[in-house]
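Make one complex out of these two single chains by using the hints.
Protein sequence lines, in the order shown, are assigned to chains A and B. Here the first sequence stands for residues 1 to 199, numbered as in this note's numbering. Here the second sequence stands for residues 200 to 696, numbered as in this note's numbering.
Bear in mind the hints are in silico, worked out from the structure with no lab data behind them. Don't take each hint at face value.
Claimed, not checked - Heads up, simulated SDA-like pairs for lysine to any residue below, C-alpha to C-alpha not over 20 Å straight-line:
| id | chain 1 | residue 1 | chain 2 | residue 2 |
| --- | --- | --- | --- | --- |
| 1 | B | 228 | A | 196 |
| 2 | B | 641 | A | 55 |
| 3 | A | 188 | B | 686 |
| 4 | B | 233 | A | 194 |
| 5 | A | 98 | A | 71 |
| 6 | B | 486 | A | 194 |
| 7 | B | 486 | A | 54 |
| 8 | B | 641 | A | 117 |
| 9 | B | 592 | B | 646 |
| 10 | B | 486 | B | 646 |
| 11 | A | 188 | B | 486 |
| 12 | B | 486 | A | 199 |
| 13 | B | 228 | B | 386 |
| 14 | B | 641 | A | 51 |
| 15 | B | 486 | A | 196 |
| 16 | A | 186 | B | 236 |
| 17 | A | 186 | B | 275 |
| 18 | B | 592 | B | 686 |
| 19 | B | 641 | A | 195 |
| 20 | B | 489 | A | 194 |
It should be emphasised that the depicted structure is a prediction, and the values quoted were computed from it without experimental measurement.
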Amino acid sequence: MGTINAITQVTGTGVFVRGDDIDTDRIIPATFLRCVTFDGLGECAFHGERFREDGTSRDHIVDQPQHQGASILVVDENFGCGSSREHAPQALMRFGFKAIVGGSFADIFFGNSTTLGIPCVCMESQDRARLARMVQDTPDAEITVNIDALTITVGTETLPVTLRNSARQALLSGRYDPLNQLIEAKEKVAETASALSYV
Amino acid sequence: MRPCLASTLSDPGCDQYTSSFCGRRTLGKSLFAKVWDAHEVQVMPNGQSQLLIGLHLIHEVTSPQAFGMLRERRLDVPYPGLTFATVDHIVPTTNLALPWEDAIAQKMYEALQSNCSDFGITYFGPGSGNQGIVHVVGPEQGLTRPGLTIACGDSHTATHGAFGTIAFGIGTTQVRDVLATQTMAIERPRLRRINVDGALQPGVTAKDIILHIIKTLGVKGGVGSAYEYGGTTIEALSMEERMSICNMSIEGGARCGYINPDDVTFEFLKGRPHSPTGPAWEEAVAKWRKWASDPDAEYNDVVNFAAEDIEPTVTWGITPGQGIGISKCVPSPDTLPEAERDIAEEALAHTRFIAGHPLKGQPVDVCFIGSCTNGRLSDFRAAARLLKGRKVKAGVRALAVPGSEQVDAAARAEGLDVIFREAGFEWRLPGCSMCLAMNPDKLVGDQVCASSSNRNFIGRQGSATGRTVLMSPLMVVAAAITGAVADVREVCDVKTL
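Extracted from the complex, chain B is given alone in its bound form (with noise of 0.2 Å):
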């Protein structure tokens, strides 16, 4: 089935695919609007809302110069009880002990636990059991909880949206706005819906339905636009599954991207650090679920996906969006629509994948599993299933980066870091690490990464002429036992996972 792009084309779209915008008088809400609103303090002069943030998480890299900024204007935090902080990506996945071989990762890391005892903000450092990559450790910690308002200098932040939050990725000086208001400036983005309906194919996971819908609805097609994921294939999804899928939201150009909250959601939330506990539980249960959309929501536009349609799909050049299913070949500029031409020939220039030929048996240099898109306990669980018995192909680097201290401590617990090790992959400490290559994980030259991070951009994994391929963690598995790209089913029993 072709997804119904007709809708994408007119804001707001009155046409057959627009399930609930016409015809009728009152419309339901959608978790959007509901959340929205009850978080909108004010509309400003120019037309922005003044939003309150219900979650602000900050890290090393985009906070220290809000807090120079607070201090330059004698600013204080008025709510510290709702910041949360940790370090993720410049911390070093090899040693953690003092002194940094970077010293001025080192001095970042510093400054950040110096604002937070300055500010009197909560801090989740290495060693603490609850250090990791941010958006793994909101979720873990049961600080993101449905219904809120999240924000983050990240723009991974719309991860935190597969628990029915809208969670936005800011810059340095909004991250200042919040630190010093509790809220923020923003323009209310329009309302898209995508569905996905049916049951995955045996070896196709949320990496590659994220892959899938961004390489369809385009890298810039959720512009001005907030995504809910819904239908039965999401549905049917687990919570980390569900943030793979929110995490890339960005990447198809959407300001956020959320799942309504059900009893899956509510069954992750039981029993964290901070979820409520005894009587108090029940009673936000009940608040959580009226958070989610109507059933007759208004949304400006609805797009349509058929599981049965995604294949493992991985990229081929150096946008999210340029990616093909497994069994298809890289495409030839020329097929494509022309506005996609220019570009595909700039990433063609820079990765040498050859148009008209699969990727399947190009050779890799390194394997990654890791960062924010698939750093959890479940991708390694299914990694480590694949990999048990298996051996990394001779000459392959293959890294095992934990996207947090409680993700690398429950590996352990069941012997992951070991079936890991075995099988030839370095099992490392928690951080954002080779996804973007702030630490020293770098790729070196012009070597090619089969990767689960989010970005494939050029630069990306710290070598100007690197090359990533974004897959999931089993199509990575796959890649590091054959050294090349490979179709998982193919390679690995997938109907065991």
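Isolated chain A, as found in the complex (with noise of 0.2 Å):
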């Protein structure tokens, strides 16, 4: 809530679910969003494709021994489209995800996520399939997504990235939960508000 902790580096290892257009409702299908808080949700997290109906494992990615404990989820292209729900980026958090690497995202699920202070940061195709590649072979190998320099670096190799400058300032400035500086302007809101005949 209101943290000032500026987030100007995530370090960790990876995990790369492969595949474009990765909607919410498959990080977390809708029956789990019968909730009224956001606990227990890591475990949710692509709960369809990690388990069959009986509730067996299906050994996806994230399950396997070698990415146990990864921290920095590698993905496609569109990453989060579909439903507003924030139980997405949320479940993702809580499962232990502190960055994501994609291709792109869809905007809404970027911005729920960067307000969690979970980056979201975009790699050109060619890298992010080396990046996936290197993964893949070496899993315990550490990322570290670089916020200011906007860089990911695996062992020797650092690769660039991209992230609108928007939330890079809001996480870089710790400031990524804008709540207090809404609040701070209330006197403007209530300027605007009756401007606009709303009170």
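See the structure below:
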């Protein structure tokens, strides 16, 4: 809540979840939205793909032993499309992901993730394919996503990433949760509302 | 005519399709710019805008945590009169008597009621005559009015853009922000104008227009953009049809979508419970007219479609962009652009529809008419006209779920429920129902559903192996009668519609 902790970089091991257009229903199926808190959502991330209908594991990549503890999720294009449910980034965060690297992100998912302090950085497809290969071949390799320098470093290799400037500024300044700033403008809000005859 | 895609390549575009971007010194303003500028409280240090929200709609799924955050920080709701609530996603559609079979759903339902009562928010509950899917309720109450900024913790909030509003789907933390401050932080999107011109063929509906647009521009074609829909085809649509189009803007990746307000808009709003009356009505209409885009408004790009190119459209895959005209064949992945091949293969592995063959004739198990896309009175009227005297194919489960209690009451008053029941449909109580299957209405196993809803995502309708074919309500009727995906123009007399 209203943290002032700047996020300048995220370091950890990675896991690559393949596929374009992974929607938020796949990230967290609607049945798990039947809740009044976000607690416990982590176990439900990618549920339909991780478990069969009888509850047995499908041995999804995120459940494989070599990727246990991974905190950097590598994905493809248009990740997080569909529903605006914040339960999606909440589930990923609670599963243990601290940053997401992809080709592109759906707008609402991107905004929801940034507000939670989860950087969603974009990578050109060739670099991303390279990163995905490294993550698969060397699952214990430490990856650093640098929000300030806009790079990803794996071992001796450094690759460029992009991040919308507003999100980068919000993360670097630690003001990715905007509530305090919004509250501070209370008087200006009242002026705008009054000019529009809302109050 | 091929749509002009060249203009989608760069931002801001400056090419032959960019109607007014180049060569003029002063440009008019779009509705988007007018509404945004009027609601912008300030530009924040990171470059986002703090935007005042004129209407905030909430429901039981994405609001409880937001109220929890308010309580944790001891924050109040300073503008409770600008937030309205209803319950839609988790409501059972068979029997609302308490206790509900799903205790968690009941807890969410009760949490919304007590949150609204604690913070002084108007709540449209079941039995009030005003409950329903939040995007059906806002317009029918006259709460959705031209020139507003609207936010709701639901991605289909873009629906309200049909009235010349800019309406955003938001996450729960943003719901908290709007409750606590009546504002939210958001980056200003670019603006794309989408023109659809000409006359639609009989049997082709607003749903087909938007499915056609999404299949052409792609599910991420709109990322970072607001869509303004216009042109003679759009202008000729009713408000309910316009809502179906704006509703699915998000499926094309757009942040929001809207249509400029006109006499059709004002006529719809006249006499609604929250609409102005007497002299205030005329004043309101005069004000609303001014929000519309100027004729020389500035757009980042313009895309053109011809109505005559659009046929009844169905989806064959797992994204709303994977669509085809009903006369066409399911594409073979190797014939698609490279970027679409992997997802096409994934889609066909899931749906097991056969590449190179038409979807027409594919047997269906379930037919669903409802949702915030197509659960309005005009949808049921049109469907009933085709369904009257016909029967749902034996073995097909068919559900009609009105979008709101008002839709339900109006449909019953016209005897539409009887037509549906006599044909073999179940006529249910209002709610989101099988669009996202958060209530007991779910597909079972790998059932195929002909659905008037908005998403064919894997697992969307409640079964991880279920298969959804998106289509218009008319096409759902044709599927229900024949027991297979069908061309409504071949099954029914669409000329009488």
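Hint-by-hint comparison with the structure:
A hinted pair counts as satisfied when its Cα atoms are at most 20 Å apart, and residue 228 of chain B with residue 196 of chain A qualifies at roughly 18 Å. Simply put, residue 641 of chain B and residue 55 of chain A have alpha-carbon atoms about 18 Å apart, close enough for the 20 Å limit, and the pair holds. Between residue 188 of chain A and residue 686 of chain B, the direct Cα distance comes to roughly 55 Å. Violation of the 20 Å bound is thereby established for this hinted pair. The suggested pairing of residue 233 of chain B with residue 194 of chain A holds, with an alpha-carbon distance near 17 Å, which does not exceed 20 Å.
With a CA separation close to 5 Å, the supplied pair residue 98 of chain A and residue 71 of chain A stays within the 20 Å bound. For the given pair, residue 486 of chain B sits about 16 Å from residue 194 of chain A by alpha-carbon distance, which is consistent with the 20 Å threshold. Using a Cα cut-off of 20 Å, the hinted pair residue 486 of chain B and residue 54 of chain A is violated, with the two alpha carbons roughly 58 Å apart. Our distance criterion of 20 Å between C-alpha atoms is broken by residue 641 of chain B and residue 117 of chain A, whose separation comes to about 35 Å.
Under the criterion of a C-alpha separation no larger than 20 Å, the hint pairing residue 592 of chain B with residue 646 of chain B is consistent with the structure, at around 15 Å. Taking the CA atoms of residue 486 of chain B and residue 646 of chain B, the gap is near 50 Å; set against the 20 Å cutoff, the hint is violated. Between residue 188 of chain A and residue 486 of chain B, the direct Cα distance comes to roughly 23 Å. Violation of the 20 Å bound is thereby established for this hinted pair. Simply put, residue 486 of chain B and residue 199 of chain A have alpha-carbon atoms about 17 Å apart, close enough for the 20 Å limit, and the pair holds.
Straight-line distance between C-alpha atoms of residue 228 of chain B and residue 386 of chain B comes to about 18 Å, which keeps the hinted pair within the 20 Å bound. Restraint check: the Cα-Cα separation between residue 641 of chain B and residue 51 of chain A comes to about 18 Å, which is no more than 20 Å; the hinted pair holds. Between residue 486 of chain B and residue 196 of chain A, the direct Cα distance comes to roughly 11 Å. Compliance with the 20 Å bound is thereby established for this hinted pair. Taken as a hint, the residue 186 of chain A and residue 236 of chain B pair is honoured in the structure, with Cα atoms around 18 Å apart against an allowance of 20 Å.
For the proposed pair residue 186 of chain A and residue 275 of chain B, the alpha carbon gap of about 13 Å is at most 20 Å, so the pair holds. Proposed proximity of residue 592 of chain B and residue 686 of chain B is supported: the alpha carbons are some 15 Å apart, at most 20 Å. Between residue 641 of chain B and residue 195 of chain A the CA atoms are separated by roughly 47 Å; this puts the pair beyond 20 Å, and the hint is violated. Annotation: proposed proximity of residue 489 of chain B to residue 194 of chain A holds, straight-line Cα distance about 19 Å (limit 20 Å).
In the structure shown, a violation is registered for the earlier hints numbered 3, 7, 8, 10, 11 and 19, in ascending order.
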